[in-house]
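Chemist: Given chain A, work out where chain B should sit, using these hints.
Each chain, letter by letter, is given below.
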Amino acid sequence: MHIHKYEKWWLTLGVSSLVVFLIIVGISAFHYGSHPPSAKVYIDPERVDEIAPFNNPGVHKVEGKDWDYEVVFVASAFYYNPPEIEVPLGSTVKFIATTKDVVHGFQAAGTNINMMLEPGYVSEYVTTVDKAGEFLILCNEYCGVGHSTMTSMLKVVE
Amino acid sequence: MTTVTEKAKSFIQVDKRDGRLALAHIYVAFMALFIGGLCGLLQVLVRSGQFTLPWGITYYQILTVHGVLLGLILTTYFIFGFQIAAVSRTAGTLTDKQRLIGWIGFWTMTAGTVAASIMVLLNEASVLYTFYAPLQAHWIFYVGMALVVVGSWIGGIAQIMKYVEWRKANPGQPSPLITFMVVVNLAMWIICSLGVAVEVVFQLIPWSLGWVDKIDVLLSRTLFWYFGHPLVYFWLLPAYMVWYVVIPKIIGGKIFSDSLARLSFMLFLIFSIPVGFHHQLTEPGIDSFWKFLQVVLTMMVVIPSLLTAFSLFASFEIRGRELGAKGVFGWFKKLPWKDARFVVPFIGMAAFIPAGAGGIINASHQMNQIIHNTIWVTGHFHLTLATTVVLTFFGAAYWLIPHLTGRILTKQMNRLAIIQAIVWAIGMSIMSGAMHIVGLYGAPRRSDFSTYGGSEQATDWIPYQIAQAVGGTILFIGIILVLYIVAHLLWFAPKGETEFPIGEVSEHAEKTPMVLENWKIWLTICILLILFAYTIPVIDMIQNAPPGSKGYKLW
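Line by line, the protein sequences are chains A and B. Take the first sequence: its position 39, counting from 1, is numbered 39 in the numbering used here, and each next residue is one higher. Count along the second sequence from 1, add 1000, and you get the number used in the numbering used here.
Just chain A, same shape as in the assembly (with noise of 0.2 Å):
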């Protein structure tokens, strides 16, 4: 099939900077672990409250881990437990979440944290919070008629 001169140039630029696009999405991702929120962690939705960690809900501060506290969270129809939360600024936090019901985000506005959280499994992420202030945490996945009243705050504070 004949290709126009034009064309080859056209197609070959545009391939290549989709080539070196991927490429760094993928170092991005596999070198310095950049995935999006992607944990295994399997749990019955309808005892989350007796099942450790979310027997528990709340800010932990761990030792001997790749990260300064763990943060836990329990979604349901339309509340999240708990209601804020305070970390300190410059701290390695690892977000652990689920929920009780049905299908509910988990975002903190004007961060990078922002996951699905679905009955069953168990949502992780862990971030760096390196900036201070207060973060609207809401749910971003439809999930009822008071889908837009269900919020938490992250509190980042120096």
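Treat the hints as calculated values from the structure; they're not laboratory data. You may find that some hints are simply not true.
Lysine-lysine pairs mimicking DSS-like chemistry, simulated, CA-CA at most 25 Å apart [claimed, not checked]:
#  : chain 1 : residue 1 : chain 2 : residue 2
1  : B       : Lys-1553  : A       : Lys-100
2  : A       : Lys-8     : B       : Lys-1097
3  : B       : Lys-1495  : B       : Lys-1249
4  : B       : Lys-1495  : B       : Lys-1553
5  : A       : Lys-8     : B       : Lys-1254
6  : A       : Lys-65    : A       : Lys-131
7  : A       : Lys-40    : B       : Lys-1550
8  : B       : Lys-1334  : B       : Lys-1411
9  : A       : Lys-94    : A       : Lys-65
10 : B       : Lys-1168  : A       : Lys-100
11 : B       : Lys-1214  : A       : Lys-100
12 : B       : Lys-1214  : B       : Lys-1338
13 : B       : Lys-1338  : B       : Lys-1326
14 : B       : Lys-1016  : A       : Lys-5
15 : B       : Lys-1520  : A       : Lys-5
16 : B       : Lys-1520  : B       : Lys-1411
17 : B       : Lys-1097  : A       : Lys-40
18 : B       : Lys-1016  : B       : Lys-1097
19 : A       : Lys-5     : B       : Lys-1326
20 : B       : Lys-1338  : B       : Lys-1495
21 : B       : Lys-1016  : B       : Lys-1550
Calculated from the model, a selection of chain A residues having no Cβ within reach of chain B, i.e. all distances over 10 Å [as the list claims (entries may be wrong)]:
#  : residue
22 : Ser-34
23 : His-60
24 : Val-62
25 : Gln-107
With beta-carbon atoms standing in for the labels, derived distance ranges [to be verified]:
#  : chain 1 : residue 1 : chain 2 : residue 2 : range
26 : A       : Pro-83    : B       : Asp-1213  : 30 to 36 Å
27 : A       : Ile-51    : B       : Ile-1353  : 48 to 54 Å
28 : B       : Leu-1053  : A       : Lys-155   : 33 to 39 Å
We treat Cβ as the ideally placed atom computed from N, Cα and C, and that holds for glycine.
Modeler: Frame of chain A, contents of chain B only:
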């Protein structure tokens, strides 16, 4: 008496009986546009914080209507109306049997649409058009959705039968380009909608009827998105048919290359389906390796998109130069800027540049976290579907409807159609622009108006929500205008003959290699890629499935 019959028409007329079938689909499409558009208007008004819905109607009810009618019904019906006419125009009049199958498909889809709509209106199915479990709608809603899909298969088969008949009658010949494209789109549609059919028939219906207590949520979402992304290409490919085949004829030029057009459609077929995980990037339970693999496959559609952009602008430039254009960009001025059939889809094409760029951001593995489920995404698909695709469909309606009704698009209507597209572009720039910006600040999609407990961040979002209401109101004016033009073309425009424009291939283009029409090869690649991308993660999902979920009705 003699003039009409004896004067050989300069173009082929779609058979009246096929025209009626196509028009039936188009009627439903534009009714859906009106109701769905009205719901869109109500949504942006509610979200501005200045308006509340009367009579106990909820935001999520009208959001469900908006999504189902515009995302699923308007698109599928218009596409089928257009495709049936295109096949009949280029591969020949449907046989009585094919036409009957087409009508059975139409009525099956319509019965499903009515059933699902009633459940939504009764507030028994405020689950949005993605109907994510374990929110549980009334079983009739799911049966309605299943009928829409099954009806589309039946209607699709009628179109494919015509293609098969043509190939048998013309061995060794490449089929008419647009008929070929229709069949590629249908092949993709049937393969992808098997996923949602399995979800609805084997998971949602038995569960909503109470035959089983629990549902596997992640599997249902995976089946949905196996369907959900090719769905957007199912909307887009008919727009590409117009761009590749119809627009060159309208500008008085030729199709740049028949083979490259076919190649890009086959690439869409194989790269559209094994990509659903890029809608599930922030979900637990799926290994990030498989997410990344599907991200790479997703990005492969950049290649046929580049082919398409090149072919279109090559046709434009060649035509402009034929008309005596000078300089590097002189040809641009020579395009028919007063012809709505060109200008309206052209605005759609222009919108696809920012739309495509936004799409690359969305599907970029970890970058998705910044925008996932924010209203940025809504802004994105209001550029792709609600501008690029929809304006191309409007532009096509301006010749397709009068062709089928035996009327003409008058000068005044042509001018109004261009004004309509400009109104649309202005309204969408405001609405989609505001959505993109405030989405980056974290404002969520699919959410009722909320001050989020007086949060400072959420307070900053409100001016953008007011901008969305302004843009959305302008868009609704655009809908009124297009409905006025469509009503005129259906019932009031002067009688006359309108061409169904089909471009001819440039004499410089080479003979089309038949390998491009060898379905065994392309379908095999398509299925192998799907198996490659999905087999291991789906087995993992099923083997490691947590206890299932019971149904919830939380609206």
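Chemist: Against each hint, give a clear statement of whether it holds in the structure.
Modeler: Outcome of the hint check:
1. B:Lys-1553 <-> A:Lys-100: This hinted pair holds, its Cα atoms lying about 14 Å apart.
2. A:Lys-8 <-> B:Lys-1097: violated (45 Å)
3. B:Lys-1495 <-> B:Lys-1249: holds (23 Å)
4. B:Lys-1495 <-> B:Lys-1553: Violated: B:Lys-1495 and B:Lys-1553 sit about 53 Å apart, past 25 Å.
5. A:Lys-8 <-> B:Lys-1254: holds (20 Å)
6. A:Lys-65 <-> A:Lys-131: With Cα atoms ~22 Å apart, A:Lys-65 and A:Lys-131 stay inside 25 Å; holds.
7. A:Lys-40 <-> B:Lys-1550: Roughly 21 Å between the alpha carbons, so the hint for A:Lys-40 and B:Lys-1550 holds.
8. B:Lys-1334 <-> B:Lys-1411: holds (20 Å)
9. A:Lys-94 <-> A:Lys-65: holds (10 Å)
10. B:Lys-1168 <-> A:Lys-100: It is violated: about 58 Å lies between the C-alpha atoms, which goes past 25 Å.
11. B:Lys-1214 <-> A:Lys-100: With Cα atoms ~14 Å apart, B:Lys-1214 and A:Lys-100 stay inside 25 Å; holds.
12. B:Lys-1214 <-> B:Lys-1338: Given that 25 Å is the threshold and the Cα spacing comes to 59 Å, the pair is violated.
13. B:Lys-1338 <-> B:Lys-1326: holds (21 Å)
14. B:Lys-1016 <-> A:Lys-5: Measuring from Cα to Cα gives roughly 45 Å; hence the hint is violated.
15. B:Lys-1520 <-> A:Lys-5: violated (31 Å)
16. B:Lys-1520 <-> B:Lys-1411: With a Cα-Cα distance of about 48 Å, the restraint between B:Lys-1520 and B:Lys-1411 is violated, given a limit of 25 Å.
17. B:Lys-1097 <-> A:Lys-40: violated (52 Å)
18. B:Lys-1016 <-> B:Lys-1097: holds (16 Å)
19. A:Lys-5 <-> B:Lys-1326: holds (21 Å)
20. B:Lys-1338 <-> B:Lys-1495: The given pair, whose Cα atoms are some 22 Å apart, holds under the 25 Å limit.
21. B:Lys-1016 <-> B:Lys-1550: Violated - the C-alpha atoms of B:Lys-1550 and B:Lys-1016 are around 51 Å apart, more than 25 Å.
22. Ser-34: At about 5 Å from chain B, A:Ser-34 fails to clear the 10 Å cut-off, so the statement is violated.
23. His-60: holds (20 Å)
24. Val-62: For A:Val-62, whose nearest Cβ neighbour in chain B is about 21 Å away, the distance exceeds 10 Å, so it holds.
25. Gln-107: violated (6 Å)
26. A:Pro-83 <-> B:Asp-1213: 30 to 36 Å: holds (32 Å)
27. A:Ile-51 <-> B:Ile-1353: 48 to 54 Å: holds (49 Å)
28. B:Leu-1053 <-> A:Lys-155: 33 to 39 Å: Holds, since B:Leu-1053 and A:Lys-155 (Cβ atoms, about 35 Å apart) stay within the stated range.
Hint compliance for this structure: hints 2, 4, 10, 12, 14, 15, 16, 17, 21, 22 and 25 are not met, and every other hint is.
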